[in-house]
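Number of protein chains: 2
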Amino acid sequence: MSILKNDLLLRTLRGQATERPPVWMMRQAGRYLPDYMKLKEKYSFFERCRIPELATEITVQPVEQVGVDAAIIFSDILVVPQAMGMEVQMVEGKGPLLPDPIKHYNDLGKLHVPDVEEELGYVFDALRLTKKTLDGRVPLIGFAGAPFTLLCYMVQGKGSKTFDEAKVFCYTQPDAAHRLLQMITDTTIAYLKGQVRAGADVVQIFDSWGGLLGPEDFENISLRYIRQIVSALKEEVLTIIFAKGAWHSLEGMAATGAHGLGIDWCIKPAMARRLAGDAVTLQGNFDPAKLLAPIPAIREEAAAMLEAFEGHHHIANLGHGILPSTPVDHARAFVDTVKEYKRRQ
Amino acid sequence: MSILKNDLLLRTLRGQATERPPVWMMRQAGRYLPDYMKLKEKYSFFERCRIPELATEITVQPVEQVGVDAAIIFSDILVVPQAMGMEVQMVEGKGPLLPDPIKHYNDLGKLHVPDVEEELGYVFDALRLTKKTLDGRVPLIGFAGAPFTLLCYMVQGKGSKTFDEAKVFCYTQPDAAHRLLQMITDTTIAYLKGQVRAGADVVQIFDSWGGLLGPEDFENISLRYIRQIVSALKEEVLTIIFAKGAWHSLEGMAATGAHGLGIDWCIKPAMARRLAGDAVTLQGNFDPAKLLAPIPAIREEAAAMLEAFEGHHHIANLGHGILPSTPVDHARAFVDTVKEYKRRQ
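If you're matching them up, the sequences are chains A and B in order. Just so you know, the first sequence maps onto residues 885 to 1229 in this note's numbering. Just so you know, the second sequence maps onto residues 885 to 1229 in this note's numbering.
Okay, chain A solo, but in the shape it has when bound (with noise of 0.2 angstroms):
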């Protein structure tokens, strides 16, 4: 392994002290890069995820392009619920359909916990071509959805605002959601244990929905899954938990022992540090939507959040995927103002 030139990323989410915080921004890899769409063009979704070398190339055009200190593999958490065992189709312009989700417990029997390196090799090796094509560049993170989040999308079968069947599904089937939310969650151990053996320097999970449950019931469905997660990865990788809208239950996932938490732009970073204590570091929180408004407001909104942040302990980051239409030079911007960013002393 070569030695890695830029390691603000896994300094700061030790909890040591930088020179500037490091930036990234989430769905960085695709979407709104134009040698991406022209990857687009030529190969289906799950192509682009599948070939190791359309992954690789995907995965490094924003360190190349836009200049953030940190890869993030290309994929899809619905990698998951396909190596489970259920049909998954990324129809375009409308997202993830899973025409035959899960509805009562005797669904589950359809699924099963796969071997990883059989049904996921594809993604190990797609993570080991990109650590050897960054050769030290920037760090490299690995990723998978959350327990909770996954069967959003295998019960409900799409996409959805309120993901209301998928909460029904918890509420009046508890055994079936929970024997569920387990086999999900040992499949995440071993999927991020091979994508930590294949390179990751860093896992993220990715609970896009557990902001939709209250906080009682996002520790019973959703938190307790993360917990196991976290408590088998973070002896051997750094860890980041993004849980969108979760705010409340902050001071619960700090508890975890991860090492990062990710927060999106609802909440101040004065009062997600009060929630979270002092011990973690926090990622976040620009309004995606922002990277559409001219290049002057974005670097002053950008200063602005690095400001309140403090400068220390923090990721520079987006509070939700960077949306398509961003211009790339709009993202630029953003990066650049991070970069240049000096910590008050």
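Treat the hints with care, as some may be off.
Remember, identical chains collapse to one label, so a pair may be satisfied in a single copy or spanning two.
[Stated by the list, open to error] Restricting the straight-line Cα-Cα distance to at most 25 angstroms, the calculated cross-link-like pairs of lysine-lysine (BS3-like) are:
id, residue 1, residue 2
1, Lys-1152, Lys-1045
2, Lys-924, Lys-978
3, Lys-994, Lys-1042
4, Lys-1045, Lys-978
5, Lys-1045, Lys-1226
6, Lys-978, Lys-1042
Think of the hints as simulated: they come from the structure by calculation, not from any bench.
The hints should help you fit chain B onto chain A, whose structure is shown.
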């Protein structure tokens, strides 16, 4: 005007101690009631809003069939953009469609601040007829969308998870956004005053999408217009603000002088009370998906919610609209649990 036989809601909003919390449910009129579904087969959405006899029948149904302590007029927040000159279609199973959305400052030329008696008189007729039909059984709630939420639909042109186009419009064309917000605000003030003249005892402002904004943007783009509306109304009628997800601004919302603030299930009542202060009445916050759980679980969770609010300065409600799939006897179990609640002395 006949004397109200049940004025629990009004006394609670005035901050008076009551024998138990009043209870109603957002979207209680329509959606899940079989008698509503029969009307839905025969009349289009806007017929149901525009024919006073139909709107009244739908408004009174949950009072008679579920036993709620207040009626809320059957209508839609999008009647305001319609009255301002926009075409609004309700596409069955897909939600609202505004085929000619606002994209630029010049598009505002096709809008006007309407004479509400002329353009929205049908709502006032429905309120008057409902008031007469209720005959003092329970108070009648009128409502309007918050200016930002209406802007979301007027710019995006349809529903969305994140209303990015609408937010980008606000961030990149602030002059157009603020002019539009002020036009909506002026219309809404006249509209709600008309509702009060027609008999509304309480008005609620629904900011369904305010929670998509960070705290500063919520203040600049949403709350400042809500504040104008509350200021113009609060001396003549009891007012409730419900800005879903905007927990971070409960203090600012309380400072408007509104009598009540709605909260969703993602914030614990004690935390909401801490943020909002002691003066205001809180309304909420049952997760509507929980009304699909078995009745004993509904009763248990509803009782726990009541305990968490400690029985005073509280209007029992859901944290969002009731789901169309809710069985009527489940809704009734929720209402009955509140009615059986005895506040600890």
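Practice task
Of all the hints given earlier, name the ones this structure violates by number, lowest first.
Solution key: 5
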